[in-house]
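There are 2 protein chains.
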Amino acid sequence: MSTIPTTPPSGFRDFLPDSCALRAQVIETISRVYRSYGFCPIDTPAAEDLAMLMGKAGGENEKLIFKIMKRGEKLDLSKGAGELADMGLRFDLTLPLARYYSRYRGVLPTPFKAFHIGPVWRAERAQKGRYREFIQCDADILGSDSVQCEIEVVSAVLTVFKQLGLDAPAVLLNDRRMIFALCDHWKIPEDRRGALCIALDKLDKVGAEAVLADLAELLGGAVPEDLAAFVQGGETDLDFLKTVAPEPMAGLLQIRDTLAQVSDSYGPFTISPSLVRGLDYYTGTVFEFRSPGLAGSIGGGGRYDRLTEQFGGAKTPACGLSIGFERLMLVMEEAGGAKASGPDACLTVFSDELRLQTLGLAKRLRAAGLSVDVYPGTGKLKAQFKYADAVKARYALVLGPDEAAAGKVKAKELATGAEAAFGIEELLARLAKP
Amino acid sequence: MSTIPTTPPSGFRDFLPDSCALRAQVIETISRVYRSYGFCPIDTPAAEDLAMLMGKAGGENEKLIFKIMKRGEKLDLSKGAGELADMGLRFDLTLPLARYYSRYRGVLPTPFKAFHIGPVWRAERAQKGRYREFIQCDADILGSDSVQCEIEVVSAVLTVFKQLGLDAPAVLLNDRRMIFALCDHWKIPEDRRGALCIALDKLDKVGAEAVLADLAELLGGAVPEDLAAFVQGGETDLDFLKTVAPEPMAGLLQIRDTLAQVSDSYGPFTISPSLVRGLDYYTGTVFEFRSPGLAGSIGGGGRYDRLTEQFGGAKTPACGLSIGFERLMLVMEEAGGAKASGPDACLTVFSDELRLQTLGLAKRLRAAGLSVDVYPGTGKLKAQFKYADAVKARYALVLGPDEAAAGKVKAKELATGAEAAFGIEELLARLAKP
Numbered sequence: 001m002s003t004i005p006t007t008p009p010s011g012f013r014d015f016l017p018d019s020c021a022l023r024a025q026v027i028e029t030i031s032r033v034y035r036s037y038g039f040c041p042i043d044t045p046a047a048e049d050l051a052m053l054m055g056k057a058g059g060e061n062e063k064l065i066f067k068i069m070k071r072g073e074k075l076d077l078s079k080g081a082g083e084l085a086d087m088g089l090r091f092d093l094t095l096p097l098a099r100y101y102s103r104y105r106g107v108l109p110t111p112f113k114a115f116h117i118g119p120v121w122r123a124e125r126a127q128k129g130r131y132r133e134f135i136q137c138d139a140d141i142l143g144s145d146s147v148q149c150e151i152e153v154v155s156a157v158l159t160v161f162k163q164l165g166l167d168a169p170a171v172l173l174n175d176r177r178m179i180f181a182l183c184d185h186w187k188i189p190e191d192r193r194g195a196l197c198i199a200l201d202k203l204d205k206v207g208a209e210a211v212l213a214d215l216a217e218l219l220g221g222a223v224p225e226d227l228a229a230f231v232q233g234g235e236t237d238l239d240f241l242k243t244v245a246p247e248p249m250a251g252l253l254q255i256r257d258t259l260a261q262v263s264d265s266y267g268p269f270t271i272s273p274s275l276v277r278g279l280d281y282y283t284g285t286v287f288e289f290r291s292p293g294l295a296g297s298i299g300g301g302g303r304y305d306r307l308t309e310q311f312g313g314a315k316t317p318a319c320g321l322s323i324g325f326e327r328l329m330l331v332m333e334e335a336g337g338a339k340a341s342g343p344d345a346c347l348t349v350f351s352d353e354l355r356l357q358t359l360g361l362a363k364r365l366r367a368a369g370l371s372v373d374v375y376p377g378t379g380k381l382k383a384q385f386k387y388a389d390a391v392k393a394r395y396a397l398v399l400g401p402d403e404a405a406a407g408k409v410k411a412k413e414l415a416t417g418a419e420a421a422f423g424i425e426e427l428l429a430r431l432a433k434p
Numbered sequence: 001m002s003t004i005p006t007t008p009p010s011g012f013r014d015f016l017p018d019s020c021a022l023r024a025q026v027i028e029t030i031s032r033v034y035r036s037y038g039f040c041p042i043d044t045p046a047a048e049d050l051a052m053l054m055g056k057a058g059g060e061n062e063k064l065i066f067k068i069m070k071r072g073e074k075l076d077l078s079k080g081a082g083e084l085a086d087m088g089l090r091f092d093l094t095l096p097l098a099r100y101y102s103r104y105r106g107v108l109p110t111p112f113k114a115f116h117i118g119p120v121w122r123a124e125r126a127q128k129g130r131y132r133e134f135i136q137c138d139a140d141i142l143g144s145d146s147v148q149c150e151i152e153v154v155s156a157v158l159t160v161f162k163q164l165g166l167d168a169p170a171v172l173l174n175d176r177r178m179i180f181a182l183c184d185h186w187k188i189p190e191d192r193r194g195a196l197c198i199a200l201d202k203l204d205k206v207g208a209e210a211v212l213a214d215l216a217e218l219l220g221g222a223v224p225e226d227l228a229a230f231v232q233g234g235e236t237d238l239d240f241l242k243t244v245a246p247e248p249m250a251g252l253l254q255i256r257d258t259l260a261q262v263s264d265s266y267g268p269f270t271i272s273p274s275l276v277r278g279l280d281y282y283t284g285t286v287f288e289f290r291s292p293g294l295a296g297s298i299g300g301g302g303r304y305d306r307l308t309e310q311f312g313g314a315k316t317p318a319c320g321l322s323i324g325f326e327r328l329m330l331v332m333e334e335a336g337g338a339k340a341s342g343p344d345a346c347l348t349v350f351s352d353e354l355r356l357q358t359l360g361l362a363k364r365l366r367a368a369g370l371s372v373d374v375y376p377g378t379g380k381l382k383a384q385f386k387y388a389d390a391v392k393a394r395y396a397l398v399l400g401p402d403e404a405a406a407g408k409v410k411a412k413e414l415a416t417g418a419e420a421a422f423g424i425e426e427l428l429a430r431l432a433k434p
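Residue numbers (my numbering), protein chains in the order written: chain A, 1 to 434; chain B, 1 to 434.
What the hints contain is simulated information worked out from the structure, not anything from laboratory work. All figures in this text were calculated on a predicted structure; none of them were measured in a lab. Some clues are possibly wrong.
A pair holds if it fits inside one copy or across any two, identical chains being indistinguishable in the list.
[What the hints assert, rightly or not] In silico DSS-like cross-links for lysine-lysine, where the CA-CA straight-line distance does not exceed 27 Å:
id: 1; residue 1: Lys205; residue 2: Lys408
id: 2; residue 1: Lys63; residue 2: Lys386
id: 3; residue 1: Lys412; residue 2: Lys205
id: 4; residue 1: Lys63; residue 2: Lys79
id: 5; residue 1: Lys380; residue 2: Lys74
id: 6; residue 1: Lys408; residue 2: Lys380
id: 7; residue 1: Lys363; residue 2: Lys410
id: 8; residue 1: Lys128; residue 2: Lys412
id: 9; residue 1: Lys382; residue 2: Lys202
id: 10; residue 1: Lys162; residue 2: Lys433
id: 11; residue 1: Lys392; residue 2: Lys433
id: 12; residue 1: Lys187; residue 2: Lys162
id: 13; residue 1: Lys386; residue 2: Lys315
id: 14; residue 1: Lys315; residue 2: Lys382
id: 15; residue 1: Lys70; residue 2: Lys128
id: 16; residue 1: Lys74; residue 2: Lys433
id: 17; residue 1: Lys63; residue 2: Lys74
id: 18; residue 1: Lys162; residue 2: Lys363
id: 19; residue 1: Lys433; residue 2: Lys242
id: 20; residue 1: Lys363; residue 2: Lys187
Sequences are here, hints too, so could you generate the full structure?
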């Protein structure tokens with residue numbers, strides 16, 4: 001019989017128990033914090049109708065989508081490649097949220113504060129640090145156009161980072177409407193504005209000279225003086241920005257100042273007019289979290305007031321963000337933080353005859369809230385102790401005939417090797433978490 | 001612009017916040033109990049290589065699989081329908097576990113106790129109570145042939161049911177080897193044994209007469225007298241079974257008696273020689289949990305000693321089970337148990353001027369471990385109170401100019417309508433969980 005490879009598909013990952021436990025802990029923290037801010041959990045399917053995923057931005061998203069083949073008679077090769085699939089795996093959690101809200105808005109609170117944690121899939125080329133299956137952790141507020149939404153979602157994510165013990169991330173803030181106002185001011189032709197945004201967005205990565213070269217090529221000649229000045233440092237001239245885009249700037253300043261005051265200067269919060277962010281559905285504010293010592297962002301979001309329109313509902317003001325969970329895990333692992341721990345005790349099984357008594361002991365310890373691994377089998381104690389080490393138990397316990405006769409249990413602390421026999425009450429006290 | 005439908009694909013589901021919260025609670029309980037029994041969390045991808053999913057039992061599983069289309073140049077229609085897909089969504093968690101264990105056995109403890117909770121996908125016709133995407137909650141022990149494995153996995157699941165407050169499920173136990181021994185005893189031809197198992201498995205659903213009719217047809221005439229006697233009640237004759245299959249029966253009796261003694265008669269535990277269970281990879285014991293008042297099982301499993309062989313590794317004794325999460329949720333919802341609750345308090349925002357003070361209060365309350373929703377916006381208090389009702393908050397809080405001046409917060413208990421103003425310490429005491 002030929003054997004089947006044991007590796008997962010390219011860009012997909014298995015998780016060993018330690019890593020899996022750490023990921024679960026982080027997800028639990030995110031979920032707890034989102035809840036403490038009044039966000040409600042929602043869930044949607046992994047697969048969506050292909051038409052929904054392609055949406056109006058069809059062309060652009062299509063290459064991201066893992067498509068699921070039609071089944072049975074519905075699969076008809078003669079109809080061509082475009083008719084082979086009817087569903088696809090979701091590539092983000094925002095589009096499903098817009099569908100969800102359009103379907104259920106009648107039974108949901110207004111405004112609706114939702115959080116959604118789950119995997120998404122993207123058919124991109126797999127490379128280091130970029131996976132085809134990864135977790136997103138979104139929080140969104142639908143049905144309100146108040147700056148309170150931006151303040152609330154950003155505060156929630158900062159609380160997540162704080163509770164995970166991470167250094168303060170820098171928070172960059174911008175408003176798409178400010179970029180458009182700047183384009184008006186610079187008299188950039190309509191058809192060049194998208195490309196200009198992409199060029200400006202690279203400013204903090206490639207530097208002013210490279211951006212200016214891009215802009216010169218893009219605009220077919222000299223770069224207007226005030227645009228050049230903006231690229232060369234003027235982007236921090238807030239007075240200029242207030243003149244060009246008074247309304248967006250007023251909102252951004254309110255968000256920045258409120259965040260700075262309620263966050264105990266856990267920030268900093270910087271208005272960054274060159275910040276664009278990739279997704280084309282943002283209509284107003286955009287923001288991004290940058291972790292010290294990590295290129296790129298560990299999360300971000302913005303306001304997207306028009307996304308529910310494609311489902312036929314009324315226009316819904318909306319604001320949300322996503323934590324870049326996989327990048328967050330990178331930071332967590334580099335920080336060498338939270339190691340997954342094993343069970344409180346591993347209980348050896350001395351013999352078949354003593355199994356019942358051993359299981360009774362396990363039951364008693366578990367009822368006290370302890371995690372207790374019972375060795376799955378009997379056999380040499382040496383192998384059972386080796387197992388206790390392998391599962392990183394704090395204690396290995398032995399209930400042999402001598403201990404049973406004396407009403408005791410032998411406990412060996414694996415970190416120190418210290419060993420002693422205890423009565424059950426003493427044992428419970430000893431095993432209680434430090 | 002044409003609008004896109006808001007329903008998920010057939011057989012797939014959205015979850016409203018209450019339902020989502022309840023599902024998360026149940027998953028949390030299952031995960032906590034599995035952990036307390038010393039099982040380690042693992043995770044594997046949603047998508048696996050198609051060759052791995054088809055495995056040696058290819059033909060049978062193929063129709064269950066949602067296939068993912070190849071992308072770019074690799075998609076070549078001229079090669080025919082069999083060459084269009086390269087991956088598929090996993091249809092259970094056991095096959096991925098076998099792959100995972102074969103890949104990592106060198107760095108995992110021996111034996112290895114794993115749990116895995118996650119969605120699986122099956123391309124079956126959607127119908128009431130049967131979904132195409134559903135959660136499985138597996139616990140498995142690999143690398144041990146001891147009956148201790150069966151005892152441990154069944155005990156863990158019984159503890160889950162107990163902690164969820166469910167009535168004791170009946171536990172049916174059998175051993176595939178006993179069925180084979182019975183077939184020898186009844187002189188059933190090799191090529192009829194599979195069909196005979198399927199016929200016997202229906203005994204508790206369709207009754208003895210229907211099974212006898214099936215068997216007559218299957219065996220092409222009269223049913224041997226002792227087989228007929230077995231169907232008509234003899235399946236509970238344990239002495240007969242001990243004679244026919246002494247070794248499997250000894251194991252089953254040990255498992256049954258130990259479970260009965262360590263489970264405080266939370267059971268009952270019944271040896272049921274007609275129990276087969278569908279999946280063809282079981283090689284020894286099989287077991288199933290039946291909830292009172294629900295047709296079919298809410299979980300089950302068995303011993304599958306040969307599953308890792310297809311990955312080229314050594315033969316690995318293995319035993320595991322799966323909780324039927326969706327059926328469990330049905331039982332939980334019918335029992336009307338655990339309702340999801342809203343935040344402890346919803347904090348209204350009186351005005352933009354008082355926002356900062358309001359957010360400071362929210363911060364203080366959250367730091368005390370309370371979940372506090374801040375109304376996302378400002379506006380009429382009436383609308384904000386309506387919102388507090390909609391999100392099922394316990395209290396609505398008002399910090400208006402009068403309260404701010406007096407250093408107080410007005411709190412309205414929404415269940416009773418009782419309203420009073422409190423200082424911050426009084427408020428914390430009042431909001432503390434009952």
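field: Structure versus earlier hints - violations, ascending order
entry: Hint check: 1, 2, 3, 5, 8, 9, 12, 16, 19 and 20 fail, others pass.
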